[in-house]
Each structure stands twice: as structure tokens, then as C-alpha cells.
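Protein chains in written order, with the working numbering: chain A, 1 to 301; chain B, 302 to 877.
It is possible that part of the hints are untrue.
As the list claims (entries may be wrong) - Sample of chain A residues with no beta-carbon within 12 angstroms of chain B, all distances over it, derived:
#1 53
#2 142
#3 149
#4 155
#5 173
#6 189
#7 191
#8 213
#9 236
#10 262
To be verified - Reference excerpt, derived from the structure (chain A facing chain B, CB under 8 angstroms, subset only):
#11 28
#12 76
#13 78
#14 130
#15 192
#16 194
#17 195
#18 196
#19 197
#20 198
#21 199
#22 200
#23 202
#24 203
#25 214
Just so you know, the hints here were simulated from the structure itself, not pulled from any lab data. From a predicted model like this one, the values you see are computed outputs, not experimental measurements. Backbone N, C-alpha and C fix where the C-beta goes; we use that ideal spot for every residue, glycine too.
What follows is each chain in one-letter form.
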Amino acid sequence: MSGAMRMEPGAVAAPAPPAKQTSLLSHARHVIGENPVTGLAFGLFVLLALCALLGPAIAPYDPLASDVAAKLQAPSLHHWFGTDEYGRDILSRVMVAARLDLGIAIFSVALVFALGGVSGVAAGFFGGWTDLIVGRIADTIMAFPLFVLAMGIVAALGNTVTNIVIATAIINFPLYARVARAEANVRRDAGFVQAARLSGNGELRIVLTQVLPNVMPIMVVQMSLTMGYAILNAAGLSFIGLGVRPPTPEWGIMVAEGAGNIISGEWWIALFPGAALMLAVFCFNLLGDGLRDIVDPQRRT
Amino acid sequence: MSKTAESMTAEAIPLLAVRDLTVAFATRRGTVRAVERVSISVGKGETLAIVGESGSGKSVTSYAVMRILDRAGRVAEGSVTFSGVDVRNAPERAVRDLRGREMSMIFQNPRAALNPIRKVGRQIEDVLLQHVQAVPSDAKAKAIEALRQVRIARPEERYHAYPFELSGGMCQRVVIALALACQPQLLIADEPTTGLDVTTQKAVMDLVVELTRARGMSTILITHDLGLAAAYCDRVVVMEKGKVVETAPAKQIFKAPEHPYTKKLMRATPRLGVTLRDLLPTDVAATGAAPAPPAPDAAREPLLEVVNLIKEYPRQAASGGMSKLFGRRAGNPDDATFRAVGGISFAIARGESVGLVGESGCGKSTTSTMVMRLIDKTDGLIRFDGIDIGDIPANKFATLPLRKRIQMVFQDPTDSLNPRFTAARAIADPLMRLGGLAGRDAVRARCEELARKVGLPTELLDRFPHQLSGGQKARVGIARAIALSPELVILDEPTAALDVSVQAVVLNLLQDLKASLGMSYLFVSHDLNVVRLLCDRVIVMQSGKIVEQGPTERVLGAPQTGYTRALIAAIPHPPI
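Assemble the whole structure, with the sequences as input and the hints as a guide.
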């Protein structure tokens, strides 16, 4: 095999000392360094996650304990965010509520990620009837005003947190299915998929081992982007009185409770949970943009 | 037409003078100099070729001349003077005025250069109006005239065509019409014929040279193809790794190349009267004579036999679903289908390599994909080693033991490797699925053995495709194809995406592997020079039919049909 052992000069020069050119971590560090907004979003995310994990433990007051003597107090050193009309500490309530709001968002996004991802990839890869059915289901859902659809689902299934999760997942389904379908469709006839067929992989195996790993990064970005929307949706449902019920601390309910007091000058009751909501949505959207840069192989040079 | 510095008097000032140009790109790992101290001059009416392999900086040089470097790149040193204007330091408005009116550019992919949703005639009008070459009342007439000048038949009708309605060659003609619309003085053609068939390439290049000569324009042709440069240019600049290594008149550079790199490039270019071994650099070629390939065993029955193979597609793919739903329209069934392959028959003997050549759209890829059992035939017979494999549905074939006996090397090494898998995993995939190898160590050992066989350093096995060079990716693809010791390997233009020096190595590798493993090749290609070197027999296809087949020397040496003759005549040859 004398001929086969030869290499072009490029190949000889190539055994570069760092075998791994860029690890995901160092790449992520580079993207964050280049784009500080992503770093800010990541910091916000850590803060939110801390509240969600440790909220009840680190909250300065019991979020449910009312103290009529201290009701409707403006923000002060004792109550940073003030108190509501039952004298409950708003800072504590905002912190504790993070767990419920993020929980609803995470579970619903995970659910729709699994459902939409699998059916979308199947539709894009197999085409034909699978594509037709998945496409029409997505179209049907898209035909409704999504928030009204979510209201309908929660009203019909019952007023529970589980049903909020299901409703949020259903209204996000078309987004996921379409992204997954488009990504899988592009790769259906890619050279490496053909090569996998030649290597003796069945169709199902090709979907799982060849197509899915390539669709995943885009889906993760999609997850982050819809996460904010899912939080907003859950809070919106609670705001109009569906889903979570008082006195459970939840950002949407808290905004609803405080809304009536704004006119009488107690602005802090609605403002702080509203701000928390806004920051959370903001954080996930920015994080999605940053993630898009991190997972895009084109930007890794 | 060569102009040396001393003969350059005041009246012979070159149209374009590039002096000591250095272009730096800011990357994450510091500054990279893509072009270093390059000096080029182009006289009025001169045709200059810049030749080099990928990464030689030839395109970057032209971008710097046009001042269209992307954001990361900047001219670090040197000057670019175009008819007295300092392009490097001129204000953006002045340069914008130069671009299009004084110098224009043709890009590699004509379809990407045209707006897909605007009629081609309108696009020419846009350019004419923007540069005040026409007023709205006569723009249409001028646009049609421009189309006529680039030899587009029935320009009045084509004026209304959208880019997707035209073939690649036609689109390139429209792009040329756009580039020439404002009578520029300098035309930069960046690989204008890559991706076009040889006959189209000849037509496009003839047109460019003729039009620019008639107008006294200067041309810079950027190409990797020495033959093309020699056939169409006055002077050739050879670049390697960002530096100019040699500048000489075209005729001289082929007779007496001076720089070792030029010699190496010349050697590696497939041409008449050489063998595969001749393509390799002298120092390597001396080390091993080609092992004599075992003579094709003609006495035994052929390994592959294809009889009257037909593939038809529905004519309008988009309406397929609708007509199924509403019942197919009555009418002539011939109208509803398009015959990609129209009844072809051929055979491949054991140990033989057969070239399948033809222009794009002739059905050669469809044929090879059917033989590969990736798509189903419409009619006919595909017999492999006496077994009728044509009747096994394509989606069932993947998991059959027969699968390991027919393998394929794909055209684009990048596209055929999963970007998320390492080289080792790509090679291991067929071993684990069909090879019956179990255990990580056994698979790994076999992967390393295969990597050594194809000349891939084993430490590269853990890299991802984007960390490998084009040649290395091609080797991974070849290692994967031969992993199961197949009897028939289909090579679908395996070197089309590679530089000539890498191509020379890969072709030799394929030849050696065939000899040592006793495989048969079906080599699909449009490059007759490569087919000549690698194949025992050639099949020429045109519009889904075989027009000629026979031993390579006979078909390429004494072609029987006009089509084969036209194909051979269109290959640009270096003047040797």
C-alpha cells in the first residue's frame, strides 16, 4: 500500500497541537464576551433559577402570612417591594412565585418539545401522509387566537396547574412542529443520510441517529425563545382568573390583585410582579438569541 | 502581451496596478494574512489569469481590488490603483461609482448572483438605469440588446424569464450581460464556469473572451484550472498561500514553469498522454510503481448487469399529490412523466472500472443511484452477481446483507459526513450495522486499519468534519465506503470538490485500493481527463440514453458520435 500511505502536504502539516479546536465551553465564553447582552441574560437566568430553587428558603417573610397592621405599605427597608392589602410581603411573594411560573413554563416547553419535535421531524423526514396529518393539526391550532384557545382548554379541562401546562404546550405545538419539520426536511436527502442508508441503517434509525442530533440545536434555541412566551401565557391565564388561584403567590395573580390599587396610588403591588414577569420574558428571549450564536457551527471558526 | 517593469513607459501605465498588497483578516486566534505582498498589473485589453488552489488568496485579492472584503478583512499594506484612482483610500462613494461602471465582477454561482423573483430583463434594466446608461423609455430595448449580445436565443422572450426558468449556463450568460451592461474597463471573473458542464464552460469562456476583446476590456480570470487559464489568457499569475510565486506569459509558463509549486500544479493537472502516477510530485512518484491491476475477468459472468433500465418521474412534482387526490387527469401517460433514464443496458466485469460520463441532466446520477438501490427503478433489470436486486424495494435494501457488497463514495465530502459525528464514528457506522463487528475495541482497531489504508493519520479520527480539510474528508468518505470490503463501489465525482493536487493523490489512492482489494468501480464524472486516467471502459450518456460505450482509449481516442466528439473538444488543454 505504498501509494495509499502517501498524503498531500496539507495533511502532513495538519496535525495541529490542539486536537480539539474549540470546545463548546470556550466557544460559549467567546460568544458571551463578544455579546455582553447574552451575558446579562445569563446572569438574569441564574437569578431566576436561584429564586425558583431556593425561593421559600431565602424569602425574608412567609409569602402567605398576612399582617393587617402592615398592609399597603410602600417600599421601605423592611419591605423592599412594599406590602399588599393583606399586609403580605411582596418581595417574598415575587421570589416564591418564580418556582411556580418557571415550573409551568419548563414543563410545558418540555412537553411541546417532545411532542412537536418528534412529530415535526417525522413529518419532515417521511413526508407523505405523516406530513399531511401533522401539518393540518398545526394549521388547525394556528387557526384559533392562541390565548383564547388556551383559555378554552383550561376552562374545559378544569382549573388546575397541570391543565395550564397542557394548554400552553398545545398552543406552542405548531411553532415546534414547523421548525422541526423544516430542519428535518432539509436533511432528508443530505449526503450523510444517504451514506447512513448505505451503511445499513433502517429509516427509523436514521431519523434517530442522523437527523435528530442535527435538528436538536435549533430546537433548543426555539425552546428558550418560547419559554418567555410560556411564562407570559401562564401568567396571563392566572391574571384572568384561570389556573392558579389565590392566595398562591403567582406573578399573574399578583398583577391582577394590584391592578385595582394603582388608581389609589399603591403602584408597587402590581409593578414588582409585573417587572419580574417582564424580566423573565426578556431574559429568555435574549438567551435564545445568544444560544443561536453558540450552536451555529458557521460562527465557529 | 507581457509587460515588464522597465518597458512600462508613461503611455503604457497599466489599467490596474496592485502593489505589495497585504490583506489581513481578524479572527479569534489573531490576525491571519490571507494575502501577503502581492503585486499584479493588468494592462489595457489584457487577459490575466490568477491560478491557485483553495486558500491561495486568489479570490481575496480580487475582493480587495473591488473593495468588497467582508468586515473581518482589511487591506493592511500596499496600494491598489485603478486607472489613476487610489482604490484603497478613495471615499466609499467614489469606489461605488467605480464598481459596476468601471470594473465589474462575475461570481461562481450565477443563480445566487441573480435576484430569484425578478425577471432577468428587468434586472439588466435596473443596472442600466442605475448607472445612467439608459432612460426608462429605451431601457427595455437596451436590455434585450444586451441579452442578444451574450447569445441568448430569442432574447425578447427570455427578457420575461425568471432565473429558475433558465439553465446554469444561461444564467451565467445573463450575469455576463449584467456585468458588461455598463461597458466597464475591467471584468473580474471569479471561477465563472465552476459547476458548469464542459461544453457550457467552453461556450461561456469563448463568449467572455470574445466580448471583452471586442470592447478592448481587460479581464482577470480567477480559476483553479490551469488548462482553462492557459487556453484563454495572455498572462498567468500563480498564487500559493497568499503569495505570488510566478508570473509569466501563458505559453511560457506551460513550457517552462520555474517555481516548484507551478511545476507541482502542472504535474497534478490531468491531461493527455500521462498516467495516474505522473500526477504525483516527482519525489513521491518515484517511491512506488503502480501495482499492476488484475486484468478484468471477462470470462466470468459480469458483476453487474443492467438491462433496459428505465426511470420515470411525474412531470410536475408539485401537482402529484393533488392529482392523486382528485383522480389523475385522463390523457397521454407520456405527457405526465419525464424519462430521466430511458432504457439503458450495460455491464461491469469483476475488477473493472467503468466511467459513466455525460453532462448534467443526462441521467448519470439517476442511473448510479438506482444501481446503488437508493431509489426504485420504473422498469428494467439490475442484476448483481446473478441476483436480481432491482426488484428489492430501496427502503428494504438498506438492512439486507447484500447492502455491504455495493457501496458508494459521494461527490461532496462535506455534505456526506454528519457534522455532529467524528470521523471514527462515520467509518464505524457501516462496521457496526452490517460488518457484524462487536465491541468498541474491535471496531476502533478496524477503523484505524482503514484510516491507515486510505492514508488518514489516525489521530485525526477523533475530529469532527469541520476540523478536517477537504482531502481528509474525502479520505474518511473512502474509508467508510471500503469498510465492508464491497465488490462494487460507485464513485460519484469523488474529486469534483477537491484541488488538483489533492485530486491527484485521491485518484491514485482509489487506483491502489482497487488493485489491492479487487473491487469494481462505476465512476460517475463529467471530467473526461480524469475518466481517461482511471477507467478501463467508458459509457457516454446523453438525455437518458447511452450514445456510446467501449474501451476508454477507443471512445476517447476515436469517438464514433458527434456528442462524444463535442465533449472531448470542449476540454481546455494546456499548450504542451
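- Distal placement of residue 149(A) relative to chain B, Cβ over 12 angstroms: 29 angstroms, holds
- Interface hint status, residue 196(A) versus chain B (Cβ within 8 angstroms): 7 angstroms, holds
- Against chain B, is residue 203(A) within 8 angstroms by beta-carbon distance? 6 angstroms, holds
- Message: Given a cut of 8 angstroms on the nearest C-beta pair, is the interface hint for residue 202(A) held or broken against chain B?
- Response: 5 angstroms, holds
- Do the numbers back the hint for residue 192(A), that is, is its least Cβ distance to chain B under 8 angstroms? 4 angstroms, holds
- Message: Holds or violated: the hint that residue 130(A) contacts chain B, with Cβ atoms closer than 8 angstroms.
- Response: Constraint on residue 130(A) not satisfied, violated at 13 angstroms.
- Task: Would you assess whether residue 262(A), listed as outside the interface, keeps its beta-carbon beyond 12 angstroms of every beta-carbon in chain B?
- Result: It holds; residue 262(A) is separated from chain B by about 48 angstroms at its closest Cβ, greater than 12 angstroms.
- Does residue 191(A) sit more than 12 angstroms from chain B, CB to CB? Nearest chain B Cβ is 3 angstroms from residue 191(A), so the label is violated.
- Message: Quick check on residue 195(A) please, does its C-beta sit within 8 angstroms of some C-beta on chain B?
- Response: 5 angstroms, holds
- Hinted contact residue 28(A) with chain B - closest CB pair below 8 angstroms: 13 angstroms, violated
- Item | Status of the residue 198(A) interface restraint (C-beta, 8 angstroms, chain B) | 6 angstroms, holds
- Task: Could you check if residue 214(A) really has its C-beta closer than 8 angstroms to a C-beta on chain B?
- Result: Holds, about 6 angstroms.
Checked against the numbered hints above, the structure breaks hints 6, 7, 8, 11, 12, 13 and 14 and satisfies the rest.
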